[in-house]
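Asks: Read off the chains here:
2 protein chains.
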Amino acid sequence: MDRAERAQMAMMLEVCAYPKPGNVDRCHDYSDTRLEHFLASTILARPAFDAAERTGGRVGGLIREAVTLTAGHAGGNTHFGAFILLIPLVLGGDIDGARRIVAGTDVEDAIDFYAAFGLTSVRMAESDDLDVNDPASIAAIRERGMTLADIMAHSAPRDMVAREWTNGFALTRRFADLLHAHGHGRQAIVAAFLDLLASEPDTFIAKKHGGAVAERTMQCAAEVLGGGRDLCAFDAECIAGGVNPGSIADITIAGIYVALGEGWQWDC
Amino acid sequence: MDRAERAQMAMMLEVCAYPKPGNVDRCHDYSDTRLEHFLASTILARPAFDAAERTGGRVGGLIREAVTLTAGHAGGNTHFGAFILLIPLVLGGDIDGARRIVAGTDVEDAIDFYAAFGLTSVRMAESDDLDVNDPASIAAIRERGMTLADIMAHSAPRDMVAREWTNGFALTRRFADLLHAHGHGRQAIVAAFLDLLASEPDTFIAKKHGGAVAERTMQCAAEVLGGGRDLCAFDAECIAGGVNPGSIADITIAGIYVALGEGWQWDC
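Protein chains in written order, with our numbering: chain E, 1 to 268; chain X, 1 to 268.
It should be emphasised that the hints constitute simulated quantities derived from the structure, not laboratory data. Some hints here could point you the wrong way.
[As the list claims (entries may be wrong)] Derived, one-sided and incomplete: chain E residues facing chain X with beta-carbon distance under 8 Å: (1) Glu5; (2) Gln8; (3) Met9; (4) Leu35; (5) Glu36; (6) Leu39; (7) Ile43; (8) Leu44; (9) His73.
Yeah, the Cβ is synthetic: ideal placement off N, Cα and C, and Gly gets one too.
Take these sequences, add in the hints, and give me the full structure.
Replies: So this is what it looks like as structure tokens:
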């Protein structure tokens with residue numbers, strides 16, 4: 001399996017794994033975003049991963065390409081956060097390589113990233129304060145000479161995906177370690193997902209519903225792990241409230257990519 | 001969407017559509033073959049479709065490549081029949097083109113096809129009488145100068161996928177027409193699948209369980225359409241008995257590929 005295929009397999013395995021409280025999975029759709037949208041993006045992103053693996057290229061431009069390739073369906077932004085993690089991982093091969101890619105970004109990467117972000121705005125509520133969502137900032141980026149790594153550092157306090165760029169892919173590393181610890185096969189994905197959900201407030205939830213809901217979701221996941229709350233009931237409650245831990249899903253995908261490269265087996 | 005992506009989308013949409021009585025779908029796995037196996041094959045077959053679309057090549061060799069690319073997981077033969085239909089369709093573009101591809105096959109295509117078939121034998125019971133499953137026949141093929149189209153004609157009486165090669169992709173055409181008739185979106189796939197299941201005995205079922213079971217499955221599907229049988233109960237009964245209409249699933253994939261090329265929309 002080459003790196004591009006590993007990235008696609010990680011996207012497929014994440015969305016199929018169930019139950020993942022609050023997220024689209026094999027058992028749940030949202031009315032506007034369904035399992036097929038996630039799997040269509042998995043198929044259609046391939047040329048961006050291929051380019052990253054075979055010809056290199058700039059990380060900002062490749063994120064933009066991946067988002068462009070997957071923006072044609074009605075399911076909205078399924079994998080923007082995942083591409084932010086996967087593109088440097090595929091470019092660099094593994095976490096060490098991704099760190100080198102992050103360290104080498106420049107202003108053009110930042111500009112391309114903004115262009116990619118504009119394509120995803122359909123899924124962003126007006127209340128979102130994701131600071132990279134202001135096209136007027138492009139002039140400021142050039143003026144200040146901000147790299148894409150600088151942009152991510154600016155967003156990191158409120159965005160756990162951007163934070164991966166600043167902390168050496170720490171949660172991606174932790175997720176891969178959790179997969180190894182839980183053993184091979186798809187149930188390990190669900191177990192590792194719950195572990196992360198129970199220990200980190202999801203910043204996608206925080207942006208959408210506020211920090212208190214993100215904290216409460218984390219506590220509920222911890223109660224599931226402790227046996228004090230039913231997993232499927234928790235899942236149904238999250239789905240009903242639109243409380244979807246989308247950033248932890250992105251980190252799940254990155255963690256599966258890394259673990260697959262380290263010998264973790266999905267197929268058992 | 002290029003042809004290769006259309007082929008992959010057709011494979012993804014078929015396996016996700018539910019309920020499809022007896023087959024792996026979003027709601028059902030078999031113990032040895034799961035949703036993820038079908039989706040892994042969908043991802044991993046890409047280079048064979050790319051080669052068919054971009055560089056042409058021989059249909060037998062490309063079927064062999066597709067099977068080889070997807071034989072690495074433990075889920076067995078997920079898409080052999082689908083590749084028999086999709087490879088000429090991607091090579092030729094549409095049904096007319098696929099007919100020309102079929103008409104141009106030669107002895108080397110037949111030999112490559114046998115090699116591909118050998119890779120899938122893990123999923124074949126000893127009772128299967130699929131006539132292309134005898135490697136000793138290769139010498140006879142060369143001696144008689146049999147083309148791959150000749151092989152398919154030989155198998156056609158007992159194999160509805162091979163029969164597509166001899167009748168100008170008649171059921172593929174019918175499935176695409178059924179999709180257009182049922183309207184856009186994933187529910188049309190289920191409706192068209194049931195229509196075909198209710199009107200044609202599935203030859204995969206016939207090989208596995210005998211002609212009577214294939215006939216009875218067809219009659220049950222007709223009863224579902226007539227309102228006299230519950231769809232989900234019928235699905236559960238098929239799954240429990242391992243009665244899976246795998247050949248109609250292959251034709252479903254080919255029909256989705258054709259319909260997508262004619263403007264049918266999956267995404268609504």
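Asks: Taking the hints in turn, state whether each one holds.
Replies: Structure-based check of each hint:
1. Glu5: With a minimum Cβ separation of about 6 Å from chain X (threshold 8 Å), the hint on Glu5 of chain E holds.
2. Gln8: 5 Å, holds
3. Met9: 6 Å, holds
4. Leu35: 6 Å, holds
5. Glu36: 6 Å, holds
6. Leu39: Where the cut-off is 8 Å and the nearest Cβ of chain X is about 5 Å from Leu39 of chain E, the hint holds.
7. Ile43: 5 Å, holds
8. Leu44: 6 Å, holds
9. His73: This hint holds: His73 of chain E lies near chain X, its Cβ roughly 5 Å from the closest one there, short of 8 Å.
The structure shown violates none of the earlier numbered hints.
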